[in-house]
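Colleague: One letter stands for each residue in the lines below.
Number of protein chains: 2
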Amino acid sequence: MKNMEKIEILPQRLVSWAKWFVKQHVSHGDICVDATVGNGFDTLFLAECVGSEGKVYGFDIQQSALNNTKKLLIEAGLLDRVYLFHDSHSHLGTYLSNSTVKAVMFNLGYLPRGDHTLITKPETTIQALKAALPLLTTNGIITVVSYRGHPGAIEEYNSVKVFLSEINSKKYRVFCIDILNQEHLPPVLFVVHRYR
Amino acid sequence: MKNMEKIEILPQRLVSWAKWFVKQHVSHGDICVDATVGNGFDTLFLAECVGSEGKVYGFDIQQSALNNTKKLLIEAGLLDRVYLFHDSHSHLGTYLSNSTVKAVMFNLGYLPRGDHTLITKPETTIQALKAALPLLTTNGIITVVSYRGHPGAIEEYNSVKVFLSEINSKKYRVFCIDILNQEHLPPVLFVVHRYR
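First to last, the sequence lines map onto chains A and B. Under my numbering, the residue at position 107 of the first sequence is numbered 107, and the numbers go up by one with no gaps. Under my numbering, the residue at position 196 of the second sequence is numbered 196, and the numbers go up by one with no gaps.
These aren't lab readings, by the way, just hints derived from the structure by calculation.
No copy labels: a pair is met if it fits in one copy or bridges any two.
Using 20 Å as the maximum straight-line C-alpha spacing, the simulated DMTMM-like pairs for lysine to aspartate or glutamate come out as follows:
| id | residue 1 | residue 2 |
| --- | --- | --- |
| 1 | 170 | 183 |
| 2 | 70 | 48 |
| 3 | 70 | 80 |
| 4 | 161 | 178 |
| 5 | 121 | 87 |
| 6 | 161 | 123 |
| 7 | 55 | 80 |
Generate the whole structure from the sequences, applying the supplied hints.
Modeller: Below is the structure:
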């Protein structure tokens with residue numbers, strides 16, 4: 001069990017829960033994937049988790065997202081271990097080999113401070129999840145923060161939930177973490193743990 | 001943040017998650033409640049968490065449950081800090097004062113190895129939750145393991161979910177943790193955190 005000082009227990013935001021779970025599983029030298037780079041905060045977080053001997057692969061279809069992320073990583077001095085690809089996360093399997101990845105993070109929806117009509121879509125998100133599953137090492141995890149507020153979000157959330165409800169329970173366990181007493185529909189966190 | 005070595009991260013059983021969350025919040029000297037003593041395993045766990053200066057209040061309507069629990073606590077040498085009541089958890093408010101309790105654990109359903117037709121019921125469970133909420137100190141938590149398999153279980157689960165979805169979000173945050181990819185409906189864990 002690694003240091004857990006940094007991330008609050010029972011944090012309000014499910015993105016913090018996602019980071020917390022990742023932090024418990026990733027060690028220096030591991031390979032991780034940020035399937036939805038966005039403004040790069042999860043990429044930066046993963047780059048810290050894997051240390052100088054590890055690798056992080058990041059994907060985004062928006063060049064502006066990759067530019068912002070590159071800038072953030074340069075400022076933090078962590079670009080050396082990060083490989084950014086201007087490609088859809090649905091193709092992530094072509095860049096990585098099976099059973100090599102310790103964590104894959106998805107943060108669905110639109111690019112914050114970007115074009116809110118450019119959103120992740122059910123079909124490509126499911127393709128990306130299908131591609132990510134065989135990449136996981138034993139004790140590896142996938143985290144998916146799925147939104148329900150923007151147009152098209154509920155459809156994607158439902159697709160992800162149905163897909164993850166049906167994956168092999170002899171190899172993977174899928175947890176769903178939800179905040180109940182909120183007026184607006186908050187995001188939901190899915191955590192896939194390859195336990196065997 | 002306290003020692004977290006003992007409880008596995010992403011454990012298969014949601015009762016272990018419940019214990020994990022409680023362990024993160026309870027310190028020596030705290031007052032805790034086992035609202036559904038059963039065979040006493042959560043009572044014993046809470047008695048360890050609160051230390052010799054703490055107190056644990058346990059409730060059950062079945063005398064056999066209380067007898068088993070007392071035996072377990074004597075064997076562990078921890079009966080000194082535990083107060084057992086042969087009463088429904090719906091009355092727990094009469095034994096405790098507001099804003100004094102750090103954790104309340106509920107494990108609903110029937111007594112394992114007991115009479116499976118004697119089950120917790122929606123009305124009394126909701127009354128018990130209503131009684132437990134004002135008892136919580138700031139940063140206190142309630143954990144509820146709710147089943148969906150036995151006759152009457154789904155009705156109770158739905159009642160608990162609806163009730164917890166409507167509690168004051170300015171004071172309490174309610175998390176719901178669910179395992180998705182299982183053939184049989186597994187239990188669900190609700191965690192209520194008084195954050196203010």
